[in-house]
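Residue numbers (this note's numbering), protein chains in the order written: chain A, 584 to 751; chain B, 33 to 393.
Hints should not be assumed to be uniformly reliable.
To be verified - DSBU-like mimics (lysine-lysine), calculated; alpha carbons at most 35 Å apart, straight line:
id, chain 1, residue 1, chain 2, residue 2
1, A, Lys645, A, Lys632
2, B, Lys297, B, Lys227
3, A, Lys610, B, Lys297
4, B, Lys297, A, Lys626
5, B, Lys297, A, Lys622
Stated by the list, open to error - Here are a few chain A residues that sit away from chain B, every Cβ distance over 10 Å (derived from the structure):
id, residue
6, Lys622
7, Arg623
8, Asp635
9, Lys657
10, Ile696
11, Leu740
To be clear, the hints were calculated from the coordinates, so they are not data collected in a lab.
Note that the Cβ used here is the ideal one computed from N, Cα and C, for glycine as well.
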Amino acid sequence: MNLVTPDFGLLFWMVVIFGIVFFLLAKFGFPIITDMVDKRSAKIAQSLKDADEIQARMAAWKVEQARMLEEARKEQSAILKEATETKARIVADAKAQAKEEADKILAEARVQIEAEKQSALADVRREVALLSVQVAEKVLRGELSDDGNQRAFIDKLVDEANQVPLNS
Amino acid sequence: MIGPMLISLVLLATTAGGDTLSSASLRDPVRANAPERVSPPTSSVILSDSEESEENIDIASIIFEHIGDEYEWHITQWKGKPIAIPLPCIVIDNGVHVFTAHHAAENGYAFNENGKLINAASGERPLDLSITKNVLALMMSSLLLLVIILLTARWYREHDALEEAPTGLAAAMEPLVMMVHNMARENIGEADYRKYSPYLCMAFLWILFNNFLGILPFFPGGANLTGNIAITLVLALCTFFTVNLTGTRHYYKDIFAPDVPVFLKPIMPVIEVFSALMKPVSLTIRLFANMLAGHIMILSMVCIIFIVAKYGPLLSGGMTVISVLFGVFLDALECLVAFIQAYVFTMLSSIYIGLARVHEE
Numbered sequence: 584m585n586l587v588t589p590d591f592g593l594l595f596w597m598v599v600i601f602g603i604v605f606f607l608l609a610k611f612g613f614p615i616i617t618d619m620v621d622k623r624s625a626k627i628a629q630s631l632k633d634a635d636e637i638q639a640r641m642a643a644w645k646v647e648q649a650r651m652l653e654e655a656r657k658e659q660s661a662i663l664k665e666a667t668e669t670k671a672r673i674v675a676d677a678k679a680q681a682k683e684e685a686d687k688i689l690a691e692a693r694v695q696i697e698a699e700k701q702s703a704l705a706d707v708r709r710e711v712a713l714l715s716v717q718v719a720e721k722v723l724r725g726e727l728s729d730d731g732n733q734r735a736f737i738d739k740l741v742d743e744a745n746q747v748p749l750n751s
Numbered sequence: 033m034i035g036p037m038l039i040s041l042v043l044l045a046t047t048a049g050g051d052t053l054s055s056a057s058l059r060d061p062v063r064a065n066a067p068e069r070v071s072p073p074t075s076s077v078i079l080s081d082s083e084e085s086e087e088n089i090d091i092a093s094i095i096f097e098h099i100g101d102e103y104e105w106h107i108t109q110w111k112g113k114p115i116a117i118p119l120p121c122i123v124i125d126n127g128v129h130v131f132t133a134h135h136a137a138e139n140g141y142a143f144n145e146n147g148k149l150i151n152a153a154s155g156e157r158p159l160d161l162s163i164t165k166n167v168l169a170l171m172m173s174s175l176l177l178l179v180i181i182l183l184t185a186r187w188y189r190e191h192d193a194l195e196e197a198p199t200g201l202a203a204a205m206e207p208l209v210m211m212v213h214n215m216a217r218e219n220i221g222e223a224d225y226r227k228y229s230p231y232l233c234m235a236f237l238w239i240l241f242n243n244f245l246g247i248l249p250f251f252p253g254g255a256n257l258t259g260n261i262a263i264t265l266v267l268a269l270c271t272f273f274t275v276n277l278t279g280t281r282h283y284y285k286d287i288f289a290p291d292v293p294v295f296l297k298p299i300m301p302v303i304e305v306f307s308a309l310m311k312p313v314s315l316t317i318r319l320f321a322n323m324l325a326g327h328i329m330i331l332s333m334v335c336i337i338f339i340v341a342k343y344g345p346l347l348s349g350g351m352t353v354i355s356v357l358f359g360v361f362l363d364a365l366e367c368l369v370a371f372i373q374a375y376v377f378t379m380l381s382s383i384y385i386g387l388a389r390v391h392e393e
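Looking at chain A on its own, in the form it has when it is part of the complex (with noise of 0.2 Å):
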């Protein structure tokens, strides 16, 4: 029947569009787009393999951040510690530095001023005998320089001194 025989015009050109068309397809068709298809397919797994690697290692990083940050904070807590005692410490020596020195200026100063003193005093002591012997000489010399208020004076003399053990 009509249907079932292959009929030789429609066969060779067949073959002749169908190859055509292949060759063609085969060169600048098909292996283009596959080939860029697959580059790409190539290329999201890499990506998602590589997405993945970084998110452990992200996840590495933390653990290991979160470790920096503690010691950071242990080593802050130490530090500030220390700086408290050193700063007691300082202030503590710088205390007992200023009170020693200030004792020993004050002994110094205490020294000085008794010397001081105890020189003014001689001072002021010569200068009162100086005073007093020359007042009295001038006394002496005023009232003696007649015979009568000598006898008197010595009269006065006399009675003191036999009135003094009276009174002490």
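Given the structure of chain A, go ahead and fit chain B onto it with the hints provided.
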């Protein structure tokens, strides 16, 4: 060619039951489908039939004319005149003769009962390389496929597919191409599937395109290419030669010297060779029969409208509705079959190739 039929079918459906289903509206589509008077006597049988009695429609002739081949492409009937694309008949018979079907007689050729060119004097069939309706459809669909795939390839050449998502044509064709490419990878194996992938892509897309163009009822579709045994035979032979010319040594060893008990040794090669030869036959028949049957079913559904037209408005109206519903169903089914058959052909081809690429374990 189903086009005018479908249109009048819809019209009939909307006016179903009316008296318009008279011979006037009936005759028109029938003429549209029956070959015109000047055309080669493919149709002489039908012609005489429809002249004898307008009411008796030769359904078989109508259907076979649709699924067969012609020396011109009849598109439709317009105001009683056929609109057809004349195609060159090329005959090699003591030299090359080129003429149109109208002028066959002047060149000393006639048509046999199957509508094929024969030498009028000797009655012999010459070497006939005519550009028939199917050949033209073959050229157009192949050109369409070529252009579409080259444009798609151009997109990939001009764009960086690693950075951009495909757009337009590339986005439409990529899934189809990659589906076949991945099928090839699965069935043939990682080692050498790249060599075969272009052929499988080509076979799949070519069959798919022609299946859908065949369902399309109007020009440039409507030619029954994948339902033609010559076409499917060439496709199957392509697979056959691909399989058997690139088979591994192990494949041939399995055929001619398989590891079987001694008493089977003489029998196995016979069976294996026979099975290898049957593979292309089954590929040929499967695609051919499926597509042919689909076309025949749809055409039969449409023809029911015209068969029942003479039985009065009530019956013909009811039948029209039914056949329209079935026609829609069958068209949808054919779209599915068009894809499935293309897929099955490609899948089996890739499996056959994969079987011939076996390596010694």
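Quick rundown of the hints versus the structure:
{"no.": "1", "hint": "A:Lys645 <-> A:Lys632", "in the structure": "20 Å, holds"}
{"no.": "2", "hint": "B:Lys297 <-> B:Lys227", "in the structure": "33 Å, holds"}
{"no.": "3", "hint": "A:Lys610 <-> B:Lys297", "in the structure": "43 Å, violated"}
{"no.": "4", "hint": "B:Lys297 <-> A:Lys626", "in the structure": "50 Å, violated"}
{"no.": "5", "hint": "B:Lys297 <-> A:Lys622", "in the structure": "47 Å, violated"}
{"no.": "6", "hint": "Lys622", "in the structure": "6 Å, violated"}
{"no.": "7", "hint": "Arg623", "in the structure": "5 Å, violated"}
{"no.": "8", "hint": "Asp635", "in the structure": "20 Å, holds"}
{"no.": "9", "hint": "Lys657", "in the structure": "48 Å, holds"}
{"no.": "10", "hint": "Ile696", "in the structure": "97 Å, holds"}
{"no.": "11", "hint": "Leu740", "in the structure": "139 Å, holds"}
Violated hints, listed in ascending order, are 3, 4, 5, 6 and 7; each of the other numbered hints is respected by the structure.
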